[in-house]
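Taken in order, these protein sequences are the chains called U and P.
The first sequence begins at 17 in this note's numbering and counts up one residue at a time.
The second sequence begins at 37 in this note's numbering and counts up one residue at a time.
Hints are computed from structural coordinates only; laboratory data are not their basis.
Hints may be right or wrong, so weigh each one.
Claimed, not checked - Here are the in silico distance ranges between beta carbons for each label pair: (1) U:L113 - P:L330: 45 to 51 angstroms; (2) P:S194 - U:D151: 25 to 31 angstroms; (3) P:A371 - U:T221: 58 to 64 angstroms.
To be verified - Reference listing, derived: stretches of chain P covered by chain U, where coverage requires no fewer than 3 residues with Cβ under 8 angstroms from a Cβ of chain U: (4) 40 to 53; (5) 263 to 274; (6) 288 to 296.
We put the beta carbon where it would ideally sit given N, CA and C, even for glycine.
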Amino acid sequence: MSLLKEMATRDRVFDFLTPRTSPVDVTHGPILYLEDVSVSFDGFKAINDLNLTIDDGELRCIIGPNGAGKTTMMDIITGKTRPDSGSVWFGSRHDLLRMSEPEIATLGIGRKFQKPTVFEALSVFENLELAMATDKRIFPTLAARMSGETRARIEEVLETIHLKEWHAREAGILSHGQKQWLEIGMLLMQKPRLLLVDEPVAGMTEQEMERTAELLTSLAGRQSVVVVEHDMGFVRSIARKVTVLHQGAVLAEGSMDAVSSDPKVVEVYLGESDG
Amino acid sequence: MPDSRSWLARPFTERSTQIFLAVLTLSVLAITLLHVLLPEGHPLHVSTFTVTLLGKYLCYALLAVAVDLVWGYLGILSLGHGAFFALGGYAMGMYLMREIGDRGVYGNPELPDFMVFLNWQELPWFWQGFDMPAFAFLMVLLAPGLLALVFGFLAFRSRVTGVYLSIITQALTFALMLAFFRNEMGFGGNNGLTDFKDILGFDLRTDAVRIALFIASGVALGLGYLLCRGIVGSKLGRLSIACRDAEARTRFLGYRVERVQLFIFVVSAMLAGVAGALYVPQVGIINPGEFSPLFSIEVVVWVALGGRATLYGAVLGALIVNYAKTVFTGIMPDAWLFALGGLFVLVTVLLPKGIAGLFAQRGWGRRSQSSAAKTESASGSRPIEEATA
Ligand SMILES: Nc1ncnc2c1ncn2[C@@H]1O[C@H](COP(=O)(O)OP(=O)(O)O)[C@@H](O)[C@H]1O
Ligand SMILES: [Mg+2]
Chain U
17 MSLLKEMATR DRVFDFLTPR TSPVDVTHGP ILYLEDVSVS FDGFKAINDL
67 NLTIDDGELR CIIGPNGAGK TTMMDIITGK TRPDSGSVWF GSRHDLLRMS
117 EPEIATLGIG RKFQKPTVFE ALSVFENLEL AMATDKRIFP TLAARMSGET
167 RARIEEVLET IHLKEWHARE AGILSHGQKQ WLEIGMLLMQ KPRLLLVDEP
217 VAGMTEQEME RTAELLTSLA GRQSVVVVEH DMGFVRSIAR KVTVLHQGAV
267 LAEGSMDAVS SDPKVVEVYL GESDG
Chain P
37 MPDSRSWLAR PFTERSTQIF LAVLTLSVLA ITLLHVLLPE GHPLHVSTFT
87 VTLLGKYLCY ALLAVAVDLV WGYLGILSLG HGAFFALGGY AMGMYLMREI
137 GDRGVYGNPE LPDFMVFLNW QELPWFWQGF DMPAFAFLMV LLAPGLLALV
187 FGFLAFRSRV TGVYLSIITQ ALTFALMLAF FRNEMGFGGN NGLTDFKDIL
237 GFDLRTDAVR IALFIASGVA LGLGYLLCRG IVGSKLGRLS IACRDAEART
287 RFLGYRVERV QLFIFVVSAM LAGVAGALYV PQVGIINPGE FSPLFSIEVV
337 VWVALGGRAT LYGAVLGALI VNYAKTVFTG IMPDAWLFAL GGLFVLVTVL
387 LPKGIAGLFA QRGWGRRSQS SAAKTESASG SRPIEEATA
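Isolated chain U (complex conformation) (with noise of 0.2 angstroms):
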């Protein structure tokens, strides 16, 4: 038994498939904690006493109506917003909340926002170029010169993100849905061990949706994900595991299905979606 659980660890060390190696430590548990997280603005609770605990290569999916704190939970996890109390975790060795967001971002944590956030004013190559896994102190930024390599894993981010044809466009004239493919690509370039993705279907066709889903589910196992969204039928296509937020805290934890029938949850989503 201690044999095979040293192999799986083994298996992870050894893992070709993510080229950078991130220090975070799971071998003791989860890849990322939360416990008894609370913060306030202005005496309103966002959030209220959370927890949270997501797995290494899981697949998260959190629900939860408008305002029920699930982007402030992001803010909170890459170093935005401090909370008030609790603690949150990445990995065993990584107390977040002594952090600052570059270092988070560095450590593995890649983030994209709700409103869809690129650099207009660059090509739709050269923001993936910034967003790379490399280097980022100054000089080293400065000299930094185009190699083979990394054009060659840009060109295989464009293509994921069905981007090429539109490689020495400004970011600024893509559509809604193609900005926020260009983010998920960006995070793809920062090779993040844990990806938070909140709201990343808005604005698109049903056909986007469909590859977005794909996408993610392909990420899930070498990285983990939590995918925050509204569309109850994304939802269902990709979560295996749905957490359901609501006022600041957890409401219910499950499966798709357990949850969708959780009485708690229906008269929360009551009038609204399909939940």
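For chain U, the structure is supplied; the task is to place chain P with the ligands on it using the hints.
Only chain P with the ligands this time, still in chain U's reference frame:
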């Protein structure tokens, strides 16, 4: 578009930079030759006065390039770059004062005249070393650079941006102006530093030195322009635009935005210092007036008129506005500020991208698309070109 060249070599392959350097070199050369070869009185002869005036414009142009680097590409609207310009100017002025030696009115070999006048007995510590040109020229870079480093560190670390930052930069230059006005500061009070005699042993009033200073200003502008083009054409330049347009996004990619801001701000301040240092021997004086908040605002107007985030637009703006100023103040001195204001409104309404916007439409715009496309196709057909073809 990113390519495999080194950041310092890349500008030479850009069409806009090639044109800029060619025009600058030819103009400086032509003016020098017209001054040297043609006899005085010839209709095409360029007088010493005009050469020095043009040298002054070139210094302003370098200052404008420095401002465009932080404003155009980093989104930091500095309304205090005059302070860095003036600090560079003072460093040069201190050297020129020490160079006077015992030829001052009081004939004191150790102390500049104004110190003798104030009854000071010995040279203050911060004047030590300024008799050595190498040290003084180093200070031309270090004094503005250090101020920018400290100021930028505090401001960017606490994420002060936008209007607030602009206001603080105004306050900075205003505070420095008040400080330098005080005699006790040891920089000559409101008279500033003047009555210079030599630079590096050569008489400042001679034609040869004036021409040399004019050429030096042209060279400094060319090099400063190349340095800035090198930066903005590099990955760091694209990072800078990223910080300008989506700061939070940039942080979440793992970049330390405040360090990018600090680095570019310091480089820009040093360039402004060099501009000030070349300006002072040509105008023959440096006084606290250069710290005036109004001057810093004028510089921003030059850049806005010329066109932001192009660098050559900043140069055009500085040259055109200052030429207009010279002409205008000759005719109607009191009306200049109104004329400048009117010009500003006119250009903002008619040419939102400034004068450079006209060029960009003609195809050699800020990102130099044509040369980028050329270099890409030159380096062989990759799958990506096939996709676009
Ligand atoms: N910076 C902030 N200041 C004040 N209130 C905020 C802030 N951020 C979020 N909130 C509030 O917290 C609640 C949760 O917001 P959010 O996390 O964006 O919800 P969701 O993403 O689940 O729709 C909302 O009521 C919102 O108004
Ligand atoms: Mg949200």
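*Which hints, by number, does the structure contradict?*
none
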